[in-house]
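Colleague: Residue numbers (the UniProt record's numbering), protein chains in the order written: chain S, 1 to 363; chain B, 1 to 219.
No lab work stands behind these hints, which were simulated from the structure alone.
Built from N, CA and C at the ideal position, the CB exists for glycine as well.
One or more hints might be untrue.
[Unchecked claim] When the alpha-carbon atoms are kept at most 27 Å apart in a straight line, the in silico BS3-like pairs for lysine-lysine are as follows: (1) K193/B with K300/S; (2) K300/S with K16/S; (3) K193/B with K304/S; (4) K162/B with K300/S; (5) K162/B with K42/S; (6) K205/B with K243/S; (7) K163/S with K205/B; (8) K193/B with K362/S; (9) K23/B with K160/S; (10) K163/S with K23/B; (11) K193/B with K360/S; (12) K193/B with K243/S; (13) K167/S with K30/B.
[Said to hold, decoys possible] Here are the computed distance ranges between Cβ atoms for each label pair: (14) D5/S with K193/B: 30 to 38 Å; (15) E327/S with E135/B: 16 to 24 Å; (16) K218/B with D91/S: 39 to 47 Å; (17) K109/S with K218/B: 47 to 55 Å; (18) E327/S with T215/B: 31 to 39 Å.
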Amino acid sequence: MDYPDKMTPVERATAKAKGEPIDRIACNPNIGNGMARIAGYKISQFNTDPEALADAIIKTYRRFGSDGARVFTDLFLISEAMGAKINMPYDNTADLEEPAINDMSEFDKLKVVNPYTDGRIPVHLRALEIVRDEIASEVGVTASVVGPFTNAFFLIGVEKMTKMLLKDPESVHKLCEISLQSCIALTDAVLEKGTGVTVSEPLSSCTVVSPKHFREFSAPYLKRLIDHIKARTGKLVIHICGKTDPIWEDLVDMGVDVLSIDDIADLENCAETVGDRMVIAGNVDPSGVLYAGSREDVRKATLKCIKQGIKAKKGYMIMSGCSLPVEVPVENIDAMMDAAREAGWPITGEKLDYLLSIDKYKD
Amino acid sequence: MSELKERLIQELSDSVVEMDEEKTEELSKKYVENGFDAFEGITEGLADGMNRAGVLYEEGEYFIPELLVCSDAMYLGLDILKPHLKYADSDSKFKAVVGVVEGDTHDIGKNLFKIMLETQGFEVYDLGRDVPPVEFVKKAKEINADVVGLSTLMTTTMDNMKVVIDLLKEEGMREKTIVMVGGGPISQSFADKIGADGYAPEASKSARIAKELVTKLKN
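Make the full structure from the sequences, and use the hints.
Modeller: Take a look at the structure:
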């Protein structure tokens, strides 16, 4: 460690939960496959080599001291294990090439995943064990489970599923049900390792579907996944991309403990309206600021987020609005972490206003 | 304009907004059978409906599924009306090349941008998904494109947009080509940083901006 933190993320979180003093506000830059750049791997290595995946996650955590270490490479872990074809570039993030089935006549081809044998799931589970053994005493370790609704899109194709919401609701429910069963199978395998779960449910975003469709097609399955997770770990972190304000209350009602929001969403409004019932995380702009901005831009954006986020009575964690682009400048990630250290603890409005009024970096 | 024609045009627009594919098909046939001008049927009827759907999207009344079904309805109508178009002013038509940049296969945004460009009178060449940067430049050169539209949904592939812009510069085509970028992770500051001409958070607005920029460039 060459950063000045006085507590490990676990010590920080524990003290915070007890209401004891902490060294600084929690911050997780949400580095996705950029970990390959930091640890010197090619992204495709993460598809087959659990040691490489784990090593990259551990090195990335140690480099920045971020409050969270997540085993995550892309959104297609479950859909691939259910038969979708995934395009896996040599050094870029994997993407959906062909869905698992072409239409509902092939529905019977879909099988609930066996997390110990199917697709890349065993690679992720093994990496999770390594990461857990190495750093779980210092930092919260989680595996990523894609939400049942989002995963269902990858089973039949994004555009087809999108239209089915209006034209064939019955089939959407069938897809979401089997999708949920696979999500639960993966969740159980993860929880067996004694780590946490974070749920990513990007296509539930109101940038994509209406709140009405969210309530009809996504919420029932997401709620069952949340209940399943909470019955075992008691805590649930979820990230939804894009616009989410119309469904914040729904997420509270479902029992979400930590909501991570995109930079499109209004952090201050979120903290004020539902921050008394959920911890809010977010939402430093990953592309405009962290990728394209200067260090000073990152510092100011982070401090502004803190100013808005601390209005959440249940708590606030600095995070980027979404996973960072692979080529995000490393010094910008440092600038984000350092802004959290600069803000320190306790944080007051006056202190933030002062920090915002001065420039730290001269570039 | 005859009363029947006026009514049919209005109903074409309405049936697109209301996502009624069957009705759009039926109305389009009726419109053609009456020998009415196909161009007006498309621009004032079908495309107008799609424009209204775009506005509803911007206002948060419609979402992606609704827009896609509206566009299905519009395309059904277009297929019927298009063969009856008289291409009198096709010489002055603006041309655009659109595609999803390499590494990304999500194309909903690109498809919407394409439709919206068409409703603005563009002739659009769609290169599809996962398009290598050099292909954009090759096609743009070949057809003498006014606009190159680049789309992505993933933060991981944004960098390829800059590669396209640099290639256009190398080929000496940057000055006469408007570059539009869009997609989930794209923002105005990102567009500025990579030197794109235009960006808008929504496809419908983006197409309007593209037309304005081309018109300005040509004058």
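Colleague: Please go over all the hints and tell whether each is borne out by the structure.
Modeller: Now for the hints, and whether the structure bears them out:
The hinted pair formed by K193/B and K300/S meets the criterion: a straight-line CA distance of about 18 Å does not exceed 27 Å. Taking the CA atoms of K300/S and K16/S, the gap is near 24 Å; set against the 27 Å cutoff, the hint holds. Taking the CA atoms of K193/B and K304/S, the gap is about 22 Å. The hint holds against a cut of 27 Å. With a C-alpha separation of about 26 Å, the suggested pairing of K162/B with K300/S holds against the 27 Å cut-off.
At roughly 22 Å between alpha-carbon atoms, K162/B and K42/S fall within 27 Å of each other, so this suggested pair holds. At roughly 18 Å between alpha-carbon atoms, K205/B and K243/S fall within 27 Å of each other, so this suggested pair holds. Restraint check for K163/S and K205/B: satisfied, since their Cα atoms lie roughly 23 Å apart, inside the 27 Å limit. With a C-alpha separation of about 19 Å, the suggested pair K193/B and K362/S falls inside the 27 Å cut-off, and the hint holds.
Restraint check for K23/B and K160/S: the C-alpha separation of about 21 Å stays at or below 27 Å, so the hint holds. Of the pairs offered as hints, the one joining K163/S and K23/B holds, with about 18 Å between alpha carbons and a cut-off of 27 Å not exceeded. The suggested pairing of K193/B with K360/S holds, with an alpha-carbon distance near 22 Å, which does not exceed 27 Å. Our distance criterion of 27 Å between C-alpha atoms is met by K193/B and K243/S, whose separation comes to about 24 Å.
The straight-line distance between the Cα atoms of K167/S and K30/B is roughly 25 Å, inside the 27 Å bound, and the hint therefore holds. At roughly 31 Å, the beta-carbon separation of D5/S and K193/B lies within the given 30 to 38 Å, and the hint holds. Checked against the given bound of 16 to 24 Å, the beta carbons of E327/S and E135/B, roughly 21 Å apart, stay inside it. Between K218/B and D91/S the Cβ separation comes to about 41 Å, which falls inside the hinted range of 39 to 47 Å.
For the pair K109/S and K218/B, the beta carbons lie near 53 Å from each other, so the given range of 47 to 55 Å is met. Taken as a hint, the range 31 to 39 Å holds for the pair E327/S and T215/B, whose Cβ atoms sit roughly 35 Å apart.
Checked against the numbered hints above, the structure violates none of them.
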